[in-house]
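Asks: Residue numbers (my numbering), protein chains in the order written: chain A, 1 to 72; chain B, 73 to 352.
Careful, some of the hints might be misleading.
As a list, the in silico DSBU-like pairs of lysine-lysine whose alpha-carbon atoms are at most 30 Å apart [as the list claims (entries may be wrong)]:
id, chain 1, residue 1, chain 2, residue 2
1, B, Lys110, B, Lys91
2, A, Lys55, B, Lys337
3, B, Lys91, A, Lys55
4, B, Lys257, B, Lys294
5, B, Lys91, B, Lys337
6, B, Lys337, B, Lys294
Keep in mind that the hints were calculated from the coordinates and are not lab data. These figures come from a predicted structure and were not determined experimentally.
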Amino acid sequence: MQLEFDSMKKIRQRKSQINDAESLNTELLILPDGRILVQNLTQPMADLLSGLNPKDDTVRPRTEFHTQAALK
Amino acid sequence: MVRMEARSLVARERAIIAKGMLVSCHFCAHHCGVNRLKASGGLCHAGAAARFFSAQIEVSDELELIPTFAIALSGCDLRCDFCITGADSWNARAGAGLNVTEMAVRAKQALNRGARTVMVLGGEPTIHLHTALELVAALPDSARLVWKTNAYGSAEARELLDGMFDVWLADFKFGNDVCARRLAKISDYVRVIQKNLVWADEHSELIVRHLLMPGHIVCCWKRVAEWLAENLPGVKVNLRSGFWPAWHAARHSELRGTVSTGETKQAWEIARICSLNLIP
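With the rest of the complex left out, here is chain A:
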């Protein structure tokens, strides 16, 4: 799993996310007030985030699928 943080305003060419089954990409932005914004949420990252805050209603419904591909 690769976490990639946005550089906010710096122009840079990111490594494109050409994924195979073993390489998944999610981007997170953690705010000072504790909120976490997520882009391209994958199942493993949803599981991780839900583990951090099991009561979060936005992430929990996204942990229930567990496709075979996501579990690889």
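With chain A held as given, fit chain B onto it using these hints.
Replies: Below, chain B alone, put in the same frame as chain A:
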């Protein structure tokens, strides 16, 4: 949506038509008319060959669509300064060349492993309409397909897309043309989007997305919400509050932060007053 013949067969025929249209591209409402077989001179800078920068199973979209195998095509016809995938979306040459056969195999594998949908997005997939149709032709007719679009396509593109995707997941980003021009360098935005949304609602399932932007609750969201309430009552709406000051957002003072708690509350109140059908 009427499906008289197998979708894949129709898609194959339409992909050929779409390829022919590359000689004078009018896929989107910019109507550049450039010959994409010779150059990539349009506003999207896309040539004839589509590229992609991400393809994976994701669970961040609407609950009724996930898990989805999301295929993100490089390049876009808009220039939203706050684009979360700006580097790849503004660059039609980003990522890798798309081999339709190989991508279809990956999509089918994803479906077999539990993905509920296949989502074609960007950038903006409309600029790669010919390739998107080839992809549809290579996928099972039973697959539930999602067209994730900025809804700035042309009437010509709409005609080729009719019946090809089960769900249109369409953005309504700006509530007025001034904000659209300032933040995304786009003209005639509201008229084009409204026309396409009405069409999409008549021809497929439609989900409208709006990303709340700091400082744009009244000028953008309120106008979007009121128009949806009046013209597409009951349409599914996903109101997204996770604005992220990415890419060139800092060019605009109001976009240098996130949406405040107060703005989020105000936005939800507008949705309530308009009786919008909000979905998670």
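Asks: Now, for every hint given, state plainly whether the structure supports it.
Replies: Quick rundown of the hints versus the structure:
{"no.": "1", "hint": "B:Lys110 x B:Lys91", "result": "holds (13 Å)"}
{"no.": "2", "hint": "A:Lys55 x B:Lys337", "result": "holds (21 Å)"}
{"no.": "3", "hint": "B:Lys91 x A:Lys55", "result": "violated (50 Å)"}
{"no.": "4", "hint": "B:Lys257 x B:Lys294", "result": "holds (21 Å)"}
{"no.": "5", "hint": "B:Lys91 x B:Lys337", "result": "violated (46 Å)"}
{"no.": "6", "hint": "B:Lys337 x B:Lys294", "result": "holds (13 Å)"}
The structure fails to meet hints 3 and 5 from the earlier list, while all remaining hints are met.
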